[in-house]
Amino acid sequence: DAKTTQPPSMDCAEGRAANLPCNHSTISGNEYVYWYRQIHSQGPQYIIHGLKNNETNEMASLIITEDRKSSTLILPHATLRDTAVYYCIVRASGGYQKVTFGTGTKLQVIP
Amino acid sequence: GAVVSQHPSRVICKSGTSVKIECRSLDFQATTMFWYRQFPKQSLMLMATSNEGSKATYEQGVEKDKFLINHASLTLSTLTVTSAHPEDSSFYICSATPDRGYGYTFGSGTRLTVV
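Line by line, the protein sequences are chains A and B. The first sequence maps to residues 12 to 122 in this note's numbering. The second sequence maps to residues 12 to 126 in this note's numbering.
Looking at chain A on its own, in the form it has when it is part of the complex (with noise of 0.2 Å):
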């Protein structure tokens, strides 16, 4: 899988956009770009996928470059539960691939 850059940390205000970036400038034509993120002492979450067209969903946005190279991950409007750390893998579809994790951005929404 290819390797991914997040920043270890970010703050947000509370109602504002939260704007998370991943830098994946070796990913391979047939690899995804996944995002979840983990709240304390949770299981990881799921929270987005894409290939090289933006997706929303109820939960967030993702906005892929047209090089595939980096992509953002974006909360509307973040709440303090959205406090938590973000992850960015990228893997390739079809098969049970494996899911490694990279130290990922971990979010601080502030009242």
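Misleading hints may appear alongside valid ones.
To be verified - Computed list of lysine-lysine pairs in DSS-like fashion (alpha-carbon distance at most 27 Å, straight line): (1) Lys31(B) <-> Lys14(A); (2) Lys52(B) <-> Lys75(B); (3) Lys117(A) <-> Lys52(B); (4) Lys109(A) <-> Lys66(B); (5) Lys117(A) <-> Lys80(A); (6) Lys25(B) <-> Lys109(A); (7) Lys63(A) <-> Lys14(A); (8) Lys109(A) <-> Lys31(B); (9) Lys52(B) <-> Lys109(A); (10) Lys31(B) <-> Lys66(B); (11) Lys109(A) <-> Lys77(B).
If you're looking for bench data, these hints aren't it; they were derived computationally from the structure.
Fit chain B to the known structure of chain A by using the hints.
Only chain B this time, still in chain A's reference frame:
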């Protein structure tokens, strides 16, 4: 849908004893499950891939004789930490997916404390 249940959520055991952790896929069948370990303030580290009906595949540096994995059915994988020591104290998490390649679901984790 796609719920993974992990039990127990926390366990305290004495040094030298063994502890079993269960991971169940509640509403789907999982031929493959994954086991992770997470130390405080660190990321998840993949320990092994559990395969139904066959031997588990362990990541480099993980002792297969210490961390016994059994995947006897399509909905249950177990991780047994044998002869546990304080350094085995950690947060253990399992994951599985109902579909090939999309949206892995994770269990809620097991906090193991060895005293």
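For this session: Against the structure, test the hints numbered earlier, and report the numbers of the ones violated in rising order.
Result: 1 and 6
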